[in-house]
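With my numbering as the guide, the letters of the sequence shown map in order to residues 234 to 1094.
Honestly, the hints are just simulated from the structure, not real lab data.
All figures in this text were calculated on a predicted structure; none of them were measured in a lab.
Certain hints may be false.
What the hints assert, rightly or not - Simulated restraints, written as ranges between beta carbons of each label pair:
#	residue 1	residue 2	range
1	Glu541	Val459	17 to 25 Å
2	Pro397	His602	46 to 54 Å
3	Gln782	Lys869	22 to 30 Å
4	Glu568	Asp525	39 to 47 Å
5	Leu667	Asp472	31 to 39 Å
6	Asp732	Leu836	27 to 35 Å
7	Gln710	Lys734	30 to 38 Å
Glycine is no exception: its CB is placed at the ideal position from the N, C-alpha and C atoms.
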Amino acid sequence: MAQAVPAPPPDPSKKRVKVYELRNNDWVDRGTGFCTATYVFNDSLRKDEARVVVQSEEEPERNLLETKICKDDGFQKQQDTLIVWTEMSTNIDMALSFQEADGCAMIWKFVNSVQQQLSEINGPEDAFSDEINAADTYSVTLPPPALGNLPDINAQMQHCNLSPQGRDALGRYIINEDYIRKLIPLVELAEDLEDLPSLHRLCNIMKTMILLNDTTIIEHAVTDDVVLGVVGALEYDPDFPSHKANHRHWLGREGRYKEVVRIEDEQIRKKIHHTYRLQYLKDVVLARILDDPTFSVLNSLIFYYQVEIVQHLQTNAVFLKELFGIFGPQETDQERKKEAVLFIQQCCAVSKQLQQPARQQLYNNFLGHGLLSVINFALHHSDVGVRVGATDVLVSMIDHDPQMIRQTIFRQINEKQTPLTDSLIDLLLVEADLGVKAQIADAIKVLLDPGSQNGPLDSLAKSGGDFSRLRPQADPQQELFLSNFYEASAKKLFQPLVDLKDRETMDFSVHQVSLFIYLIEILCFFIRQHQHRSKYFVLAESLGQRIAQLLSSREKYLKLTAMKFFRNLVGLQDEFYNSQLMQDHLFKPILDIVIETMPRDNLLNSACLELFEYIKKEGNRVIISHLVENYRDILKDITYVETFKTFIDRYDQTQGFTTLSEAVHFMDDDEETPKRSDAGRGTRWESGIKDLDAAEEQYFNTSDDDEDEEPIKSSTSINGASPISKPLVDYGSDEENENNDAGIVRSDSKTPESSDSKDTAEDLVLTPTSSAPTPPERLSEKRRREEDEEDELGKLSANKRRSSTSSNSSVGSITNNFLKRKKSLNGRDGTGPAKTNKIAISLSPAIKTGGEGNANGENDN
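Go ahead and model the full structure; you've got the sequences and the hints to work with.
What follows is the structure, encoded as structure tokens:
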């Protein structure tokens, strides 16, 4: 017998603990004592053994615990003061709860070091022998299956289920003795005898065997000869004694298995049946009691079976040919076509779990055999289930590889076939099922998304129109695809919105409201992604005015969707859309909603206020001027928020145009939030400036000598509160072209001199830009030049360097530009008079080219 001879422990101090033992799923307190981890000499083995000893606090001569530390005894440290393990000799779970975390850490350090030493000495072979020995020491023998033995069988299974060794031993016994097959006859016998207690015990026994988490047992339970007996026992759940399930009715009906095309391989057919039964067990029979390990085992078995089934089917050319041949003209059975669509839907659903190469191969095989024609057929089917199946298949393929579907559609276009997008549009316009409608709308957006090739453009679109021109060049095939779409398909898609033009009342059915919502969401997506194509489509079809009509409908969620559209337009900060909003007076219905909902603080009112708050935050002077000039009385009536009062105050302070100090301020802010320059094309001057102020009149009335003598003084004076406006972005590389476009007229040798011309600056005639707008032909030429990517990058980098300078130097460059331009008008060398022809100069481009005064002074000659 072993006698405790303590060896010098790592730490001689004792730690106060409580000893717990697990009995019937409850932790029982065995007492409080002092714990030490030490080596004890074993007389029989003649060697020291590492042990954990707990000496009773009340009876110091009695040990509450003395356990040997083995390599694989499951010692675990939980939290900071708890150590748990399983006694190898009794298979009882034990726990030590320490009073202090330091004591727990010291004991755990000793236990961990001993186990590491044992692992290094014994190695992996010894671990295998320990497992064999543990299996030999724990054996299970159950009573013979009989109704009278069911209580003992259930009790023994519950006892074995308490420990991992018992579960393993029980699983081996059930498999070796084929115990499930022996229990099945008892189900029918108990039903004949109407022995409900025995049926309840059989249900518990079947649950225990399945929840052992043994793959072999679960696979055996779904085989043909035992599955009905297993689910028959599970129909009598003791938790619902007055209820009987009908699992055998569902699994026993052969009619539920529909074989669209005959599968010759018998093993594959068995796996299909087993997969269905496993899914039924997981989702119906055991759904309430499944634990995580068993749930994982069931999912793994289902996954492996499905992969094997799909791999077999996709490599079977004869099977695929017969499957897709069902949709040929020779097949007249519509029910068989419906079942074929649902079969393809199931294959695509299973393929989501496959690896990418296998999934790609499956879709390629399906497309090669005519999958798109199947989708076209299913999308127009009268059964909503078939339409749902078609959209599921399409969405699965788009999620996997949208470019693959685009290439197929492009091939349809080249072959003069109806493209898939047209079929989707036709279905979207008439579909009543909201789920199908949502999937179709998402599919259209993904198929027409150029960002899936070139990367997302949302961040560039938010930065402003100029940066959006820098997006990578689209694939020519994709461009042709989009061009074809906007020529015909887009008009068909948005025709319901266009038809609102002559409609007087805005009362719609639920189907119409849902359709308008999806159309507006698609249009919002297009204006963010399709750039110039969507711009001119929105303009040509007057979609902004049509959507504004929806703001007078009764459905608030439809109004909110319309507000979402206008918020997207304003958020793009694009001159084109801003001008359309102002030209068509589309802010008026939004202001009407603010007035209408002013007493109520609801979501619709908040959405409208957020739009105007965004305009105020971004400081869009053009829109603010438009609002104040056209709707001042309405803005004055909205007093419960400060936004509209701020519009009026800002407009009155600037008299409709931006001061020089504000222009410089916004130029400095341009690095952080770049926006499309409004002054670049004269729109800001068109919107507000009426007359020149005194400072500008004084400048143009000064002589050249004064300018040569006091350039610094002139710069200083302009640095004050001058009303000269500077654009937000300087387009330096296009300076000369912009001057030509803006209408700078120079005299040449062939122009006759005027008799009343004077050699002074009074010969300058200033014409506002609004009286002579830039010809659209030259604007289009300029835009084509701006689309050159290298030139754009050069301009942006130059603008970056110019915007990083101080505001004083920027204003000085403006003044310098004026001085040199005036000298060039008087003569090449600045000394002699120039020809006395009258010159018309536009103020906007003169200010716009202020950053390159030296260059202009030379080129203007």
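Check: Hint by hint, which ones does the structure fall short of?
Finding: none
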